[in-house]
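Undergrad: Protein chains in written order, with my numbering: chain A, 52 to 402; chain B, 652 to 724; chain C, 8 to 255.
Don't take every hint at face value.
[As the list claims (entries may be wrong)] Lysine-lysine pairs mimicking BS3-like chemistry, simulated, CA-CA at most 25 Å apart: (1) K680(B) to K13(C); (2) K14(C) to K654(B); (3) K701(B) to K16(C); (4) K677(B) to K233(C); (5) K677(B) to K14(C); (6) K680(B) to K14(C).
Hints in this document: simulated from the structure, not taken from any laboratory. Keep in mind the model is a prediction, meaning the values are calculated, not measured.
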Amino acid sequence: MAKILMKGNEAIAQAAVSAGCEAFFGYPITPQNELIEYMAKYLAKNNGVFVQAESELAAINMVYGAAGAGARVMTSSSSPGIALKQEGISYCAGAELPVVIVSVSRGGPGLGGILPSQADYNQATRGGGNGDYKVMVLAPNGVQEATELVRKAFELAEKYRNPVMVMADGIIGQMMEPVEINPEPLPPVDRPWAAEGQRGRAQRNVVNSMNLDAYKLEQHNRDLQAKYERMEREDVMYETVQTDDADVLLVAYGTPSRIVKSAIATLREQGIKAGLFRPKTLLPFPSKQLKAAAQGKQFVLVAELSLGQMLVDVKLAIEGTVPVHFYGRTGGVIFEPSEIVDAVKSHRKGD
Amino acid sequence: MIKGRVSFNEDTCKGCGLCVSVCPVKILKLDTSRVNAIGYTPAFCFEPEKCIACSSCALICPDVVITVERLES
Amino acid sequence: MSVIFKKTKGLTDTPFTYCPGCTHGIIHRLVAEVLEELNIIDRSVLIASVGCSVMSYEFFNCDAVQAAHGRAPAVATGVKRVRPDSIVFTYQGDGDLASIGTGEIVQAAHRGENITVIFVNNAIYGMTGGQMAPTTLPGQVTTTSPYGRDTHLQGEPIRISEMIATIPGAAFVERVTVVDPLTIRKAKTAIKKAFEVQLRNGGFSMVEVLSSCNIGWGLSPVDSLKFIKDKMVPYYPLGNFKDKGVQS
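For reference, chain A alone in the conformation it holds in the complex:
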């Protein structure tokens, strides 16, 4: 299959339906509108389900219902909209439903702006819903990888019966890149727990997150926790670039990691050996791998389009073994490679 030039939002939508997404429930919000528009256009003509919900709150609850009935479903939104979805995401996690949520994030807080940002790292990895739950978070660095990770998100959601969020910064949503989308639908997955009417099945199925028995609820939470630990063992994803000989380790994710790569090239031209560690799963965070990669480096510099959110996870991972510095821009401002170069130089001993 030849590569085609596609806008990120549309490529994500196409990748989802190619993977076998049957139903989409969403609400317009910039900068993810092309995604919901593509879904509206495509699903109506291909036996799919598309509903423009009255709110993000309703959309995620429609996703909860459709996933509960056994369908392969997805929703998408952007920062303030993801905030509204948090209630439903908690319910999906509690009821152990496989759902995919695409977050094309923009600047905040509040209404914020509509330009790209990574200020929703905490929103994605810590969430705002109630309870001891976690959502897997995948962070692509461009349009091609976004299509791959959306597909992967469905696989992981079904493997773990858990919500999976693809956190695409607004740059990915809005830029066009050549992509090749896997056209093969994912194999259907048995969902013997789905509530779609008994139809002769012996037991009644109830999709539910409520449990009034404290001991049973505690056990349920322990079971969820075991699942999260398994994610960490089996499905952590990350990329390293020129880390082995590096004196300085840069940590970045999403599209900004590509800006950091340019900075690394410049730094190396100037004789400063820098390398990149890029988490592709923000949750589970590749803590062990990052700690190992950081050993022996002069320092670590975290670069984010926020004022330091992944920074906390990096520090937790490194456990004080190597100094950790930070450079970030926010509000929709995107750093230039030269800013990263300058930031690295400012922390170099003896420069």
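Dock chains B and C against chain A, hints included.
TA: Just chains B and C now, with coordinates in the frame of chain A:
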């Protein structure tokens, strides 16, 4: 004259008395002399031969305690 | 000799957890009887809500999805859209439907969502201990309107059925009650019609049932039914507000 018979699944009765209030022939009451398995004074029929099989008691019972039979004759 | 009234197969063997005399039980039974009579238990999906009926999924003998507070119509939309052969119904109280979930109920009706809504209105938040609801009557004392609902500060009670009936997507809207054998029979007829609308893909159907909360109201079970008749029905008139005639 239609005859009926009401039977109570006594241990699920919560003694709310709604059946007593709607019985047109006034043959139901709460048995205040004892409590059932869930701690309530259950309803019972004290003049079963007067039941007319109207099902009113069963219709208003919130806990589906009552079964009604019509006796053919 | 023949049995003319026995417990429907539409209910499980789990005893109701409702307070003695609470008419939720009657409404549960009527809905379950309708499911059995229409032979749809096996393909029905209950969307349980939050409030006293939060555990209704324990009582209806069919598949169920438990929804967040107020979101049952959105959850029902999700289920029905991906499984259009399933019969999908929500069971919601007035705190759930008339307060936190007004957006979801209005928009589900607006889309003409082919679902059935059983709306139980008892003018109070029962589960949380008897707080004021949007449906609480003027002057009615609750734990959050301890001096009686003051309509200047807290508004006039909202009439949901009348409002929903104005929405083009609503195919069937009726208000009933369950205070005596006659009204109970009428309530069942309305519930059956509502499900028949869905069976014929007729669009959104809703039955509002005026129900009691004797504990929250501080009345005996029998006096609670009198309260519905004497106080609620005058404000919330019984009857059909919308019938596109698709059920037959």
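Undergrad: So, for every hint listed, does it hold in this structure?
TA: Structure-based check of all given hints:
1. K680(B) to K13(C): 20 Å, holds
2. K14(C) to K654(B): At roughly 21 Å apart (the allowed maximum being 25 Å), K654(B) and K14(C) satisfy the hint.
3. K701(B) to K16(C): Measuring from Cα to Cα gives roughly 29 Å; hence the hint is violated.
4. K677(B) to K233(C): Measuring from Cα to Cα gives roughly 19 Å; hence the hint holds.
5. K677(B) to K14(C): Holds, at about 23 Å.
6. K680(B) to K14(C): Cα-Cα ~21 Å, so holds.
Going down the numbered hints, you'll see the structure goes against just number 3.
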